[in-house]
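Student: Chains A and B, in that order, are what the protein sequence lines are. Number 264 marks the last residue of the first sequence (the numbering used here); no jumps. Number 448 marks the last residue of the second sequence (the numbering used here); no jumps.
What the hints contain is simulated information worked out from the structure, not anything from laboratory work. Some hints here could point you the wrong way.
Unchecked claim - As a list, the in silico DMTMM-like pairs of lysine to aspartate or glutamate whose alpha-carbon atoms are at most 20 Å apart:
(1) Lys273/B - Glu82/A
(2) Lys46/A - Glu368/B
(3) Lys273/B - Glu206/B
(4) Lys224/A - Asp206/A
(5) Lys273/B - Asp206/A
(6) Lys91/A - Asp79/A
(7) Lys225/B - Asp195/A
(8) Lys273/B - Glu229/A
What the hints assert, rightly or not - If the Cβ cut is set under 7 Å, some of the chain A residues that face chain B in the computed set are:
(9) Phe29
(10) Met31
(11) Phe177
(12) Leu182
(13) Gly198
(14) Gly200
(15) Phe201
Here a beta-carbon is modelled for each residue, glycine too, at the ideal position from N, C-alpha and C.
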Amino acid sequence: MKKFKKYIKAFELGLQSSMEYRANFALSLISSIFPMIMQIFLWTAIFFNSKEQEILGYDYMQMISYIVIASIINKLVSTGFEWDISEDIKNGGLNKFITRPVGYFSYRIFSFLGSKVMQLAVVSVILTIILTVINSKFSLGITPERIVLFLISIPLALLVNTFICIISSSAAFWMTESWAAFIFTNLLVQFASGGLFPVDILGKGFMRLLDFLPFKYIVYFPTNIINGKLPIQEIFMGIIMQCLWIAIMFILSKIFWKIGMKKYIAVGG
Amino acid sequence: MEKLKKALKTLKRYGFIYLIFIKNCLIRQMEYPANFFLSMLLECCFLGAKLVYTFLISNTNVNLNGLPSDSIFIFTGSFLLMTGFYMAFFYFNFSNIKEYVTDGSLDIFITKPVSLQFMTTLRYVDFSTMIPNFIGGIIILVVGWQKSGVEVSFVKVAGYIGYLISGVVITYSVMLAPQLLNFIIIKGYALGEIADALWDSNSMPMSIYSKPIKIIGTYVFPLFILSNFSSLFVLDKLGAVNIIWGIAAPVLFFFLVRLLWKNIIKKYSSASS
């Protein structure tokens, strides 16, 4: 327990920091509403003007509920601390972690989770309200079973995204300016995770490609658990895949980090 | 007459300074060619993601509240062109305002014998993000123009370019305004997120939105003038009121953002020691 005390402190510091910038947090929440509104209006216009009940495999109710839920989940599982890690690598901030009995990974993850608590709490409340409204309006058929599986999949999705973030941040060991790697990873995650639109509308070929990658387990999978598009059998399989990807990426991040640390020259300290 | 001469002289001076800014930025970016091409490659990826969505919507063959499905290419092409302008001339300047305020660089700019707003908001020109958006935008625009069966006439082309220029001035005004909040909210990244989200909300035809949003987006916070007006003009869907508003709004909003800037600068206190 004593060993964990320092990480609990890191968690508290992360939490304090997020509480300090409340205006920033509120504005960040507002910013995520705009793309959602645009998508809702766009798909409403498409369905309203179409003679078909179903477009690209989705009916109107499924599409709108996907867009709303996916936008919130996207916010819920967002990371973004790769910039902090790259700063530590570039400017020698890692030095203090080499000489002190603190694991850098653990410190960063606990600090990140601390900064995320407030966002998780607020976004969860918003999600609960929205799900209740959507469920009563569109009869999504949300069962207690699906709620439990959804609640299991969300932290796992957050972990998948966290490890993608850690792996991409190790690019800073090899590149002085690693911003391109981060922006590219963010774009890839946004696009392939289903955060912008349901990825299966891009066709079966694209879905087959995504089966070999971790991205769809970040937003697309949890969203389709709660909106009732995935059968229970596939949900269990998906949760196993999430755990598998977390294990694979944990090992990969350790390997990258170990190789990277050999290249680390502790500049700036 | 004397006043006009003086104004022309000032304009010439600022034009000369701006050309020096452009030259310096080009030299600086060419010094790190790897970074330059990497940035171009990234912009191509963003462009690709945008185009996938455009093709997806076009393939539904559904008209968007009165606009034929192929016209989406005209809107996307215009949006990409405007994104090219925004990224090249304004985006990095506006994002840097936060840094200027927090690290005290603004204090140095105040001492320079040029307009502080000019120095702060137009200093950097980025070529790496501009090139892919311009090339992609022009190609998509031509495809959309042909697919929609719009005639190529002097009036249409001149009108399109005119509303594009109007869009550039509006871009400067409406995208700078939210960033000025950085003078009040010292730390945070959310203003940038809001600016990006606002920008992207203009990527689709304004016809998809409800009436109140259309009114707000056209007359209160005129985001839709950026790339919608030029596209609507060539499709003969702009309407008489908006044809005039598209000419008047840039002047009005440029004046308003200038006023806002002056007021905020009056209240600015240095953050550096």
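Student: Is the Cα-Cα distance between Lys46/A and Glu368/B 20 Å or less?
Tutor: Violated: Lys46/A and Glu368/B sit about 37 Å apart, past 20 Å.
Student: Holds or violated: Lys224/A and Asp206/A, Cα atoms, limit 20 Å.
Tutor: Distance of about 17 Å is within 20 Å: holds.
Student: Would the stated hint for Phe29/A survive a check requiring a Cβ distance to chain B of less than 7 Å?
Tutor: Since chain B brings a Cβ to about 4 Å from Phe29/A, closer than 7 Å, the hint holds.
Student: Compare the distance between the alpha carbons of Lys273/B and Glu206/B with 20 Å, and conclude whether the hinted pair is satisfied.
Tutor: With Cα atoms ~26 Å apart, Lys273/B and Glu206/B exceed 20 Å; violated.
Student: Can you confirm whether the C-alpha distance between Lys225/B and Asp195/A stays at or below 20 Å?
Tutor: Roughly 17 Å separates the two Cα atoms, so the pair holds.
Student: If you draw a straight line from the CA of Lys91/A to the CA of Asp79/A, is it 20 Å or shorter?
Tutor: Between Lys91/A and Asp79/A the Cα gap is close to 15 Å, so the pair holds against 20 Å.
Student: With 7 Å as the cut and Cβ atoms as the points, is Gly200/A at the interface with chain B?
Tutor: Since chain B brings no Cβ nearer than about 13 Å to Gly200/A, farther than 7 Å, the hint is violated.
Student: Go through the hint on Leu182/A and say holds or violated, using the shortest Cβ distance to chain B against 7 Å.
Tutor: Holds - the Cβ of Leu182/A comes within 7 Å of chain B, reaching about 6 Å at its closest.
Student: With the threshold set at 20 Å, check whether the alpha-carbon distance from Lys273/B to Asp206/A stays at or below it.
Tutor: Not OK: Lys273/B and Asp206/A at ~41 Å, beyond 20 Å, violated.
Student: Is the hint on Phe177/A kept, meaning its closest Cβ partner in chain B is under 7 Å away?
Tutor: violated, 10 Å
Student: Quickly compare the C-alpha distance for Lys273/B and Glu229/A to 20 Å and report which way the hint goes.
Tutor: violated, 47 Å
Student: When you check the alpha-carbon spacing of Lys273/B and Glu82/A, does it fall within 20 Å?
Tutor: holds, 18 Å
Hint compliance for this structure: hints 2, 3, 5, 8, 10, 11, 13, 14 and 15 are not met, and every other hint is.
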